[in-house]
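Q: Residue numbers (my numbering), protein chains in the order written: chain S, 1 to 359; chain P, 360 to 718; chain R, 719 to 1044; chain U, 1045 to 1370.
Just so you know, the hints here were simulated from the structure itself, not pulled from any lab data.
No experiment lies behind these values; they were computed from the predicted model shown.
Think of the CB as a built atom: it goes at the ideal place given N, C-alpha and C, for glycine as much as any other residue.
It is possible that some hints are incorrect.
Which bits of chain U does chain S cover? Going by a derived footprint, with three or more residues having C-beta under 8 Å, they are [what the hints assert, rightly or not]:
| no. | region |
| --- | --- |
| 1 | 1091 to 1098 |
| 2 | 1166 to 1177 |
| 3 | 1196 to 1210 |
| 4 | 1252 to 1265 |
Partial list, derived from the structure: chain S residues whose beta carbon lies under 8 Å from chain P [said to hold, decoys possible]:
| no. | residue |
| --- | --- |
| 5 | M1 |
| 6 | A2 |
| 7 | E12 |
| 8 | R13 |
| 9 | V14 |
| 10 | D18 |
| 11 | P19 |
| 12 | E20 |
| 13 | D24 |
| 14 | R126 |
| 15 | S167 |
| 16 | Y200 |
| 17 | A206 |
| 18 | T208 |
| 19 | V306 |
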Amino acid sequence: MAITTVATFGVERVEVMDPEGVVDEALMPDLSPERITELYGWMVLTRRFDERMLKLQRQGRLGTFARVTGQEGAHVPAAFALHDEDWMVPAFREAGAFLVRGVKMEDFLQYWGGDERGNLIPEGVRMLPTAIPVGTHMLHAVGIGWALKRRGEKAAVLTSFGEGATSEGDFSEAMNFAGVFQAPVVFFCQNNQWAISLPYYRQTAACTVAQKAVGYGIPGVQVDGNDVFAVYRTVAEALERACGGGGPSLIEAVTYRVTDHTTSDDARRYRAEEEVATWKARDPIERLAKFMKKRGLLDDAGEAAVASDADQRVAQAVAAFEAVDAPNPDEIFEHVFAELTAPLAEQREALRRRLAKEA
Amino acid sequence: MAITTVATFGVERVEVMDPEGVVDEALMPDLSPERITELYGWMVLTRRFDERMLKLQRQGRLGTFARVTGQEGAHVPAAFALHDEDWMVPAFREAGAFLVRGVKMEDFLQYWGGDERGNLIPEGVRMLPTAIPVGTHMLHAVGIGWALKRRGEKAAVLTSFGEGATSEGDFSEAMNFAGVFQAPVVFFCQNNQWAISLPYYRQTAACTVAQKAVGYGIPGVQVDGNDVFAVYRTVAEALERACGGGGPSLIEAVTYRVTDHTTSDDARRYRAEEEVATWKARDPIERLAKFMKKRGLLDDAGEAAVASDADQRVAQAVAAFEAVDAPNPDEIFEHVFAELTAPLAEQREALRRRLAKEA
Amino acid sequence: MARLNLVEAIDQALLQEMERDADVIVLGEDVGRDGGVFRVTDGLVERFGEERVIDTPLAESGIVGMAIGMAISGFRPVAEIQFSGFVYPAYDQLVSHASRMRTRSRGRFTVPLVVRMPYGGGIRALEHHSESMEAAFAHVPGLKVVIPADPYEAKGLLTAAIRDPDPVVFFEPARVYRAIKMDVPEEQYEIPLGVARVVREGRDITVIAWGAQVRVAREAAERLAAENRADVEVIDLRTLSPLDSATLVASVEKTGRALVVHEAPRSGGFGAEVSAQLMERAILHLQAPVRRVTGFDTIPPLSKLEDYYQPDADRVVDEIVGIMEF
Amino acid sequence: MARLNLVEAIDQALLQEMERDADVIVLGEDVGRDGGVFRVTDGLVERFGEERVIDTPLAESGIVGMAIGMAISGFRPVAEIQFSGFVYPAYDQLVSHASRMRTRSRGRFTVPLVVRMPYGGGIRALEHHSESMEAAFAHVPGLKVVIPADPYEAKGLLTAAIRDPDPVVFFEPARVYRAIKMDVPEEQYEIPLGVARVVREGRDITVIAWGAQVRVAREAAERLAAENRADVEVIDLRTLSPLDSATLVASVEKTGRALVVHEAPRSGGFGAEVSAQLMERAILHLQAPVRRVTGFDTIPPLSKLEDYYQPDADRVVDEIVGIMEF
Ligand SMILES: Cc1ncc(C[n+]2csc(CCOP(=O)(O)OP(=O)(O)O)c2C)c(N)n1
Ligand SMILES: Cc1ncc(C[n+]2csc(CCOP(=O)(O)OP(=O)(O)O)c2C)c(N)n1
Ligand SMILES: [Mg+2]
Ligand SMILES: [Mg+2]
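Could you put the whole structure together from the sequences, leaning on the hints where they help?
A: Structure (structure tokens):
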């Protein structure tokens, strides 16, 4: 009779590239120069797109949205690590992942502009639409993962969310179900330190998000979320393990929300500018650029070219977005059920009559 | 840049008394012989009461209820470790705790007999009524704990639940809130290995319940739940820490549901008799009796006396329970709101008219 | 054709649909080896294995949330919630996702999900085991709400619900589970969702009910017929959403009177919607106000007082007589 | 007397009640330093400290569940849910515990809790931010449901809600938050729960509304008055549960006609209950059927189509004219 230790756990942190762009070669993921250049292009595109969206929002051409500037080092390489057969189940702060996965910028704009037609993810793109209710969508990822496994598909699901989402009961249920059913799901947390005005240390008393995996018997790991190689490496490994029947895992990418929470928020109300400044200095795009320059993958001219190319693509998308006609009010009834039920037919008819009268 | 370990955790298991009633003196809690005798009395009473309730149920004099036989070693010493100022927030399988805390057996019978008047916990007894929806009540414990702390009361809350409850999102939210607010709450899990027909290993992939504390930054520990001294010691310590501002903790008491899930269940449908037999051999009451006999606190005559005393008390309670008049139908409307609202007054009036007509 | 009770009829519907369509999956607490606490899924895991009859951890939001993901992936999950009083943790998944994934994704992702659960009182159960909150689901756009009244109905409606391309909340009257047996065809059949059923024709008044209350309404009707006091038409609503108002209106145009019977709390219960529909569509035919026999605006009492809460034939008879005398 | 908008009036009500009663506690996501996403709790944490104005983790069930424990302990928690579209995770705590702790414990434990939340559309918001599901709460026994229409009302009703010994779900029309300013007395006052208010007297028809729709009803009434087409009585329901049917009936006995306006989906919306009540209590006074102007049985559309969904004065005018011509 005694006090004995019956289990022990450790949480690891993965870092591959330091702030100066110097990498630990032993830990470098298997990425060709072309792929690295491509990844960099996505990150820049995401940044320029985000900045342009802000302007559109300020001009009243878009509604409220959640900016991703500063978090390109987390969700962009995570999405980039996915194969076409893999699924992604996002929250609402993953603009770059939508682009990487093949959602058109103009569609994305259309959705955030208040037109749900923009939310039609192209056939073949395995990605669910934006999920606004925090924490609720990870369970869908578990169901999709279960389905992949049951069908014998060699594929996995990546579901992304903020650290705030880990407080919702559904997060816990999703992690637990994933563990019990050994679903091929990678839980990818962008821990950006803030959930609107709540700092991480008041969101939970756990010092890391990664350790939340312990309670579900699944592996958890922390990575530097502004280090694209650490993120890519860890996600790629987790996906591979999941595909191979190794079950789910949790990845905490430590990053920072350098912007306001959304375009409706004013972060100066609740946090110090110095903190933001510190993190701005750790910009993930600049870090990758430093690495690429050292390797001769990028020079100043190239850097400018990538940016102007991105701007051009964004400009085209904005033009396409603005050319879209207003939706037909019938759209309201279109996709409630597969068929138009009697009450809906009646209500649509009433609306049509009303509009005809007004016209 | 490297892979580094940023946090480590261990789960301890506490055992004080072995199956033969031999204790590790160094770990023995501070319990006088009188207190040990008292604890033994509660356990025997709980057992005899449970057995009698089963008979009453089979005779149609009680409704469905959840038996506690075999789990007296867990929830009885846990309740016994509480001080009067402490609160208890139970689930539905803690009959012994109700008795220990001062709820009358006849009231308890009345409630399980389908008469909610029996659910009126006596003034002064700090205990919430039975909570049927699994996992939902722990949050109330956190709120009560918060209130104790805010009022500066030197008291804590013990909330008990089964291992199945740990799968509900509310469990996670309660643990997290308790951690963040450092509420003086002891989460006490009776891990009886089964949630109706689901065995523990399919409830979660975590090898212990105790490790679920890690995700919330609070201490978690496992104890032998059929070892009253291990349970008492661990609960008392956790309560003391909580009262002293040390915050919440999680205790997993490993025990076994030797009975059917409830009186409506037939456990032979889903589990092997051998498993049950193994655990029956680990009976917590017998184990304590062995210890007491070794110490001269109990002999065969005393054992019989305790049992017959318990039976007598139970018989009296049953008689008192059966003497209670049927409730007045007005009771239905009595405690919906503090006042009788207009719709309720009308509905009560309609019922009265109906009954008057029938009479 | 075998004589089956409601439990057996649903079990058979599940079994046959699982045989027909390998994508049909049953999941929930204790649905496997235990066959469900009411034995509704009895024998399924033995027949289809643990991959298709899945015992889940104890978490209702988890069950429905995971089932949504399965449904999006092309499976047809039939989730069991042990009692409808325990479905609330899953309310968010139903309201915020199951019901609107089709709308949100403009038709790309759909959720052919059935959530089955026992509901209603009359079984002498514990707190939370006698709830009747169908109205809180019938108000949610994008959900269909179906409630069978007897074994024959249950088999046909559940088969249709599983085949429906959208989420269906399927409430099973616990009180009827083993109360009656009736002839249920061995072969599969569908009863279309969204169509009410005239259970008994009559000229004087229309009584509209669902679930266990259909029997109560019939009993009242038979009694009044036997006593030659009124010729009652009884309608089993079957589907609360979408509502088949046409059948109701046609009946009331004939009878000129109506009564709704449900055991849910009165205020804001689905009886109000039925009444409002008749107000809007049939007022000129009404010879008396549409009335409601319902539960009270209280927590359903435990067994000792339960009978006062539940509608019964006496109350229905009284109310019919009152309406006839209006 | 200052001119306040709805946000300021609620903020003031909270501040004054917190000053009066040290047991009043505000909790929720971002209610502290941020002052809430709509700034309703602006300044409270500075005034009362973090022990009484509590920023919680992101978990609605947690917020309400913990608040239930606080309330049982004698505190008077006022919980904010950021948008009513996010309250569903807390639905279980509200339905299974807050509403019935008094019943369950035979009066020993009570839950003097207020759950405040913005609701309704018209603010060009994202998905889930325009919901109007008050009916799903008004049907729950043991919950009171209150919806203020303007700043004056909001202050008085919220003060009464906080002092009420039972749980109150308090829906705040987001669209009204900053839309109007009006005189609000500096001193505290209570507007009793369960009492509807005649906003505008009229002889021809009664329009019953709540929240943002009261303004819509008034606008329609003024327009019809200006055009001499109808003299409309407007009633602000204020409290959906318990319902003040007496005020409604008295009005309809006078006007002989009624229209209910709400932005929630039509089927099973609370308008049905109002209609059913008038059916039961005022049918002999009705010269035309009670009708409803409502949202559709669809997910509220995003901003581009939102205006087609929301009731507006045009629709209300048309419907009134239709009823007058019945
Ligand atoms: C269930 C729910 N509650 C509240 C909100 C409002 N809300 C939107 S984002 C947010 C904070 C999310 O924090 P986190 O999960 O860390 O993600 P981040 O915004 O930092 O990316 C809140 C409270 C919501 N969308 N859903
Ligand atoms: C929310 C909810 N879901 C389902 C049930 C039905 N149910 C009652 S007890 C039980 C199993 C509980 O298992 P556990 O938490 O381990 O407690 P034990 O019964 O073993 O003491 C279930 C599923 C319930 N009461 N509440
Ligand atoms: Mg965050
Ligand atoms: Mg258990």
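Q: All hints, please: hold or fail.
A: Consistency of the hints with the structure:
Under a criterion of three residues with beta carbons nearer than 8 Å to beta carbons of chain S, the stated coverage of the region 1091 to 1098 of chain U fails, only 0 such residues being counted. Counting residues of the region 1166 to 1177 of chain U whose C-beta lies closer than 8 Å to any C-beta of chain S gives 6; at least three are required, and the coverage claim holds. Residues of the region 1196 to 1210 of chain U lying with their CB closer than 8 Å to a CB of chain S number 0, which falls below the three-residue condition for coverage. Counting residues of the region 1252 to 1265 of chain U whose C-beta sits closer than 8 Å to any C-beta of chain S gives 0, which falls short of three, so the coverage hint is violated.
Below 8 Å, beta-carbon pairs count as interface contacts, and M1/S has one with chain P at about 4 Å; its hint therefore holds. Look at A2/S: its Cβ gets to within about 6 Å of chain P, closer than 8 Å, so that hint holds up. For E12/S, the interface hint holds, since its Cβ comes within 8 Å of a Cβ in chain P; the closest pair sits about 5 Å apart. Among the interface hints, the one on R13/S holds; its C-beta lies about 5 Å from the nearest C-beta in chain P, closer than the 8 Å criterion.
Hint status for V14/S relative to chain P: holds, with the closest Cβ pair at about 5 Å, below 8 Å. Interface hint at D18/S: satisfied, since its Cβ lies 5 Å from the closest Cβ of chain P, which is below the 8 Å cut-off. Among the interface hints, the one on P19/S is violated; its C-beta lies about 10 Å from the nearest C-beta in chain P, farther than the 8 Å criterion. Here the hint on E20/S is broken, as its CB sits about 11 Å from the closest CB of chain P, past 8 Å.
Given the 8 Å rule on beta carbons, the hint for D24/S holds: about 4 Å separates it from the nearest Cβ of chain P. The restraint placing R126/S at the interface with chain P is violated, with a minimum CB-CB distance near 26 Å, outside the 8 Å limit. Checking S167/S against chain P: minimum C-beta separation of about 5 Å stays under 8 Å; hint holds. Because the closest C-beta pair between Y200/S and chain P is about 11 Å apart, greater than 8 Å, the hint is violated.
Annotation: interface hint on A206/S holds; nearest CB of chain P at approximately 4 Å, less than 8 Å. Checking T208/S against chain P: minimum C-beta separation of about 6 Å stays under 8 Å; hint holds. Of the supplied interface hints, the one on V306/S is violated, with its beta-carbon coming no nearer than about 25 Å to a beta-carbon of chain P, more than 8 Å.
Violated hints for the displayed structure, listed by number in ascending order: 1, 3, 4, 11, 12, 14, 16 and 19.
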